[in-house]
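Engineer: These are the residues of each chain, in order.
Number of protein chains: 2
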Amino acid sequence: MPLVEDTFFLDPNFQGTLQSQIQQIVASAILAGRLQAGEKLPSSRKLAEHLGISRITVTLAYHELVADDYIKSANRSGYYVSETAPMVPLPAIKGEMHKDTVDWTKAVQRDFTGGKTVKKNYNWRSYPYPFMYGQPDPDLFNQASWRLCAMQALGKKEFDSLTSDYAEQDDPELINFIARHTLPRRGILARPEQILVTVGAQNALWMAAQILLNERRAAAYENPGYHGIREILRHTGCTQFPVEIDDQGLPPDMLPDGLNALFITPSHQCPTTTTMPMDRRRELLRLANERNFLIVEDDYEFEMSFLKPPSPALKSLDEDGRVIYVGSFSKSLFPGLRLGYLVGSEPFIEQARALRLASLRHPPGYMQRTTAYFLGLGHYDAMIKRMRGVYQKRRQVTAQALANTEMKVAGRASFGGSGFWVEAPERVDTEVLRHRLADNGVLIEAGNPFFAGEDSPRNFFRLAYSSISSERIPEGIRRISQAIKEY
Amino acid sequence: MPLVEDTFFLDPNFQGTLQSQIQQIVASAILAGRLQAGEKLPSSRKLAEHLGISRITVTLAYHELVADDYIKSANRSGYYVSETAPMVPLPAIKGEMHKDTVDWTKAVQRDFTGGKTVKKNYNWRSYPYPFMYGQPDPDLFNQASWRLCAMQALGKKEFDSLTSDYAEQDDPELINFIARHTLPRRGILARPEQILVTVGAQNALWMAAQILLNERRAAAYENPGYHGIREILRHTGCTQFPVEIDDQGLPPDMLPDGLNALFITPSHQCPTTTTMPMDRRRELLRLANERNFLIVEDDYEFEMSFLKPPSPALKSLDEDGRVIYVGSFSKSLFPGLRLGYLVGSEPFIEQARALRLASLRHPPGYMQRTTAYFLGLGHYDAMIKRMRGVYQKRRQVTAQALANTEMKVAGRASFGGSGFWVEAPERVDTEVLRHRLADNGVLIEAGNPFFAGEDSPRNFFRLAYSSISSERIPEGIRRISQAIKEY
Numbered sequence: 047m048p049l050v051e052d053t054f055f056l057d058p059n060f061q062g063t064l065q066s067q068i069q070q071i072v073a074s075a076i077l078a079g080r081l082q083a084g085e086k087l088p089s090s091r092k093l094a095e096h097l098g099i100s101r102i103t104v105t106l107a108y109h110e111l112v113a114d115d116y117i118k119s120a121n122r123s124g125y126y127v128s129e130t131a132p133m134v135p136l137p138a139i140k141g142e143m144h145k146d147t148v149d150w151t152k153a154v155q156r157d158f159t160g161g162k163t164v165k166k167n168y169n170w171r172s173y174p175y176p177f178m179y180g181q182p183d184p185d186l187f188n189q190a191s192w193r194l195c196a197m198q199a200l201g202k203k204e205f206d207s208l209t210s211d212y213a214e215q216d217d218p219e220l221i222n223f224i225a226r227h228t229l230p231r232r233g234i235l236a237r238p239e240q241i242l243v244t245v246g247a248q249n250a251l252w253m254a255a256q257i258l259l260n261e262r263r264a265a266a267y268e269n270p271g272y273h274g275i276r277e278i279l280r281h282t283g284c285t286q287f288p289v290e291i292d293d294q295g296l297p298p299d300m301l302p303d304g305l306n307a308l309f310i311t312p313s314h315q316c317p318t319t320t321t322m323p324m325d326r327r328r329e330l331l332r333l334a335n336e337r338n339f340l341i342v343e344d345d346y347e348f349e350m351s352f353l354k355p356p357s358p359a360l361k362s363l364d365e366d367g368r369v370i371y372v373g374s375f376s377k378s379l380f381p382g383l384r385l386g387y388l389v390g391s392e393p394f395i396e397q398a399r400a401l402r403l404a405s406l407r408h409p410p411g412y413m414q415r416t417t418a419y420f421l422g423l424g425h426y427d428a429m430i431k432r433m434r435g436v437y438q439k440r441r442q443v444t445a446q447a448l449a450n451t452e453m454k455v456a457g458r459a460s461f462g463g464s465g466f467w468v469e470a471p472e473r474v475d476t477e478v479l480r481h482r483l484a485d486n487g488v489l490i491e492a493g494n495p496f497f498a499g500e501d502s503p504r505n506f507f508r509l510a511y512s513s514i515s516s517e518r519i520p521e522g523i524r525r526i527s528q529a530i531k532e533y
Numbered sequence: 047m048p049l050v051e052d053t054f055f056l057d058p059n060f061q062g063t064l065q066s067q068i069q070q071i072v073a074s075a076i077l078a079g080r081l082q083a084g085e086k087l088p089s090s091r092k093l094a095e096h097l098g099i100s101r102i103t104v105t106l107a108y109h110e111l112v113a114d115d116y117i118k119s120a121n122r123s124g125y126y127v128s129e130t131a132p133m134v135p136l137p138a139i140k141g142e143m144h145k146d147t148v149d150w151t152k153a154v155q156r157d158f159t160g161g162k163t164v165k166k167n168y169n170w171r172s173y174p175y176p177f178m179y180g181q182p183d184p185d186l187f188n189q190a191s192w193r194l195c196a197m198q199a200l201g202k203k204e205f206d207s208l209t210s211d212y213a214e215q216d217d218p219e220l221i222n223f224i225a226r227h228t229l230p231r232r233g234i235l236a237r238p239e240q241i242l243v244t245v246g247a248q249n250a251l252w253m254a255a256q257i258l259l260n261e262r263r264a265a266a267y268e269n270p271g272y273h274g275i276r277e278i279l280r281h282t283g284c285t286q287f288p289v290e291i292d293d294q295g296l297p298p299d300m301l302p303d304g305l306n307a308l309f310i311t312p313s314h315q316c317p318t319t320t321t322m323p324m325d326r327r328r329e330l331l332r333l334a335n336e337r338n339f340l341i342v343e344d345d346y347e348f349e350m351s352f353l354k355p356p357s358p359a360l361k362s363l364d365e366d367g368r369v370i371y372v373g374s375f376s377k378s379l380f381p382g383l384r385l386g387y388l389v390g391s392e393p394f395i396e397q398a399r400a401l402r403l404a405s406l407r408h409p410p411g412y413m414q415r416t417t418a419y420f421l422g423l424g425h426y427d428a429m430i431k432r433m434r435g436v437y438q439k440r441r442q443v444t445a446q447a448l449a450n451t452e453m454k455v456a457g458r459a460s461f462g463g464s465g466f467w468v469e470a471p472e473r474v475d476t477e478v479l480r481h482r483l484a485d486n487g488v489l490i491e492a493g494n495p496f497f498a499g500e501d502s503p504r505n506f507f508r509l510a511y512s513s514i515s516s517e518r519i520p521e522g523i524r525r526i527s528q529a530i531k532e533y
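Protein sequences, first through last, are from chains A and B.
Quick note: the first sequence uses the numbering used here, first residue 47, plus one each step.
Quick note: the second sequence uses the numbering used here, first residue 47, plus one each step.
Treat each hint with caution, since some may be false.
In this list, chains with the same sequence are indistinguishable; a pair is considered to hold if it fits within one copy or across any two.
[As the list claims (entries may be wrong)] 25 angstroms max Cα-Cα, derived DMTMM-like pairs, lysine to aspartate or glutamate:
id, residue 1, residue 2
1, K439, E521
2, K377, E214
3, K165, E500
4, K145, D366
5, K166, E396
6, K152, E261
7, K202, D57
8, K439, D293
9, K203, E219
Keep in mind that the hints were calculated from the coordinates and are not lab data.
Since the structure is predicted, the reported quantities are computational estimates derived from the model, not experimental observations.
Okay, chain A solo, but in the shape it has when bound:
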């Protein structure tokens, strides 16, 4: 059956160009066997008329298809499917799916499911008042410069960094930048062999837990705190100690005895955003040394310090090698980047390197190289500076709008940050509130998943201003306040 122009339909939701849409229709028809060798394609004129697009678009698509040998042009008589087109014979597939005979409740030996997580709305951009945390704002991310760096990393002479198997290694340009520029700003001195690139901070935290913990070990963490940590610890089988935080973060004297590791966010506590004062940090390190436990520091959002300079990382005070530092580019650039890093003593990094090799080999070299360029050319710092200015404004507007409501700011970073931790009146379950607000165009993040245990507070929520413009903040907060009144 020849491919007549009537079988072409443009998909309004197609993400690419018109030209690539036409390429894709033809190539997949050939690959799927719907179009056979020797069959004729509609002329570029006819197809262009049928689709109401320019003829040159069709011609360019056909040229690309010729280059890949899907089609051939015969002298003056048009385009035909090439006799040597890439075609794979399809094996026979049985038409129905069978019912498993495997008893999965027995086959699955470790249950990784069932953790409390924050429910996110994936189509959040369609909401007018998205107080969404940790999603990039297209108005603030410098996509044009990122694109230039990405194109540079796609160049001919970058073939190796794009395509090669790095195995246990990393892109030397990125490691070099982290060692020479990023870490010194956090007060940290590290050699390249003390740094390992990871698939985001999540991967770094997870590896640290895998190396340090098992059923015979105990770990403490902040409560409320990042819910992902509880899942990571649960998977190791270790004993878990949630420690209640106060308005200065985790109180060292509340730490239990017999601890092997502490997971902590000193610079910007998740989710309350408070910063741990210097004397607590010193006390924490003293205790760690005395009681012989290790500290995994998630150095979280320190870039967003627009009210005062960020305090140096806990790791910068560490003289014993007790602090394992977790950094991330995914948070400040964009979460889809999936690039973070671990900094620690060599015996630890050596283990992390071996675990990374066995579990995923390495984060894509191309993402590492693009990031190295973006950092090296100064775009990163320029972008952070812009974001700081915008966030400062948004923070002010948010604080003002909250002032005359039933809501109480339960946590705010003294140095800046990207949102507030908010307490609603006790009668309010913010998970219920979240659903009601979503129907009214407002997105908030319910706070219960940040608390350990079943009987934990339900009236907190995270109100981030990182993805909503200053102009929309007052009306968004008015709607939240209204919904709380009507609760």
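Since the structure of chain A is already known, use the hints to place chain B on it.
Structural biologist: Same frame as chain A, but now just chain B:
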């Protein structure tokens, strides 16, 4: 101290353009505090003269720096470091590193290091006769089309797929292509919720082991076989059964009792490249059902079938849900891509999804989208077709050159493949041979790491023709043969 033109040096090893090199020198001088607000930059004319480059290159670099607010142009008098340039105050760093007080032999609770791995030469491209396995050949990879797809995935309207946090989700375009195009060619029918994208096949194999195995479970694998599997299994603490393979792959009647999982490469055994015949596959599935074990199928290099069509995957014969299928784009496209996928029953994929979320969240959306375009536009199949033609020629040349030597082809895929598994005379330790050959410009991969146990054969090696041109193969093999004679 102003930045005078004399402090600019072009680095001949710099990977980017001249323009970006100049941007980088200025931006990092400002970020590092070597250049302060208000200080003057050399004029574009002077700097261009000093470096012997075109003035427009310098001007363009300066414009980019102005856009990021690193520098400002003052009317007619030149460029100055901006008063509001991104600058981060550096905390004081102690000048020396301390000696750890941590006893790492006690702190490390799980030892991930120490596995046998294949040593690779990272600068392999500088060797004239690289019989390297699994590294991309720049002459065969269609980088121009990849670049176009990557640029498309960087477009304005692709902002979400580039930047968003997918959490436990994947790019729907890639999942769709795998379900509708890739799997049907392997005879497999799967719904999107039965597919999970992974950071390469390594990550897929590792997750399967984490879910199915622990200290109370037993797993079998091929011997010789992929060395990474032994490491993955060792980390789970399970009982390990290596099973000797013959010239038809793994013999089902050699499988021990009490097995919970089998890891296998039926389509193209690693490293011998043999294909398992259909009757063995059926017997394997019958046994799996009778004895209630699961099979993890690494469907390895099936694309390189140029002598006859590939046999359908083992998974295509599976009526019980016993086969967990591992596919990869990293092998056929390029290893640095780090994209693979798992296909299995929903209760299994649900666990894998939760484990992936906790251990790394998701593979970068941008790599997923770029791959989806490359596949969807038909470039992938076109490239595979080209590779098949070239590999067929190289295979023939390799076989001819080996015929008159002391070497014996111990394994070759009946359908094609990218290399041979070669047996040298028993007196030869191929790890020693490898070192001698490297001094003579030839790279081979010693075979011992593929065997389980300490007392395993040392006279095998892998001879891949995927990264060496046909013209160079005969001389390369002559040198190997010579080195064996002189051994």
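Engineer: Run every hint past the structure and note whether it holds.
Structural biologist: Status of the hints after comparison with the structure:
no. : hint           : in the structure
1   : K439 with E521 : within (16 angstroms within a copy, 69 angstroms between copies)
2   : K377 with E214 : both (24 angstroms within a copy, 17 angstroms between copies)
3   : K165 with E500 : within (17 angstroms within a copy, 50 angstroms between copies)
4   : K145 with D366 : between (57 angstroms within a copy, 7 angstroms between copies)
5   : K166 with E396 : between (36 angstroms within a copy, 18 angstroms between copies)
6   : K152 with E261 : both (21 angstroms within a copy, 15 angstroms between copies)
7   : K202 with D57  : between (33 angstroms within a copy, 18 angstroms between copies)
8   : K439 with D293 : within (24 angstroms within a copy, 71 angstroms between copies)
9   : K203 with E219 : within (15 angstroms within a copy, 30 angstroms between copies)
In the structure shown, no violation is registered for any of the earlier numbered hints.
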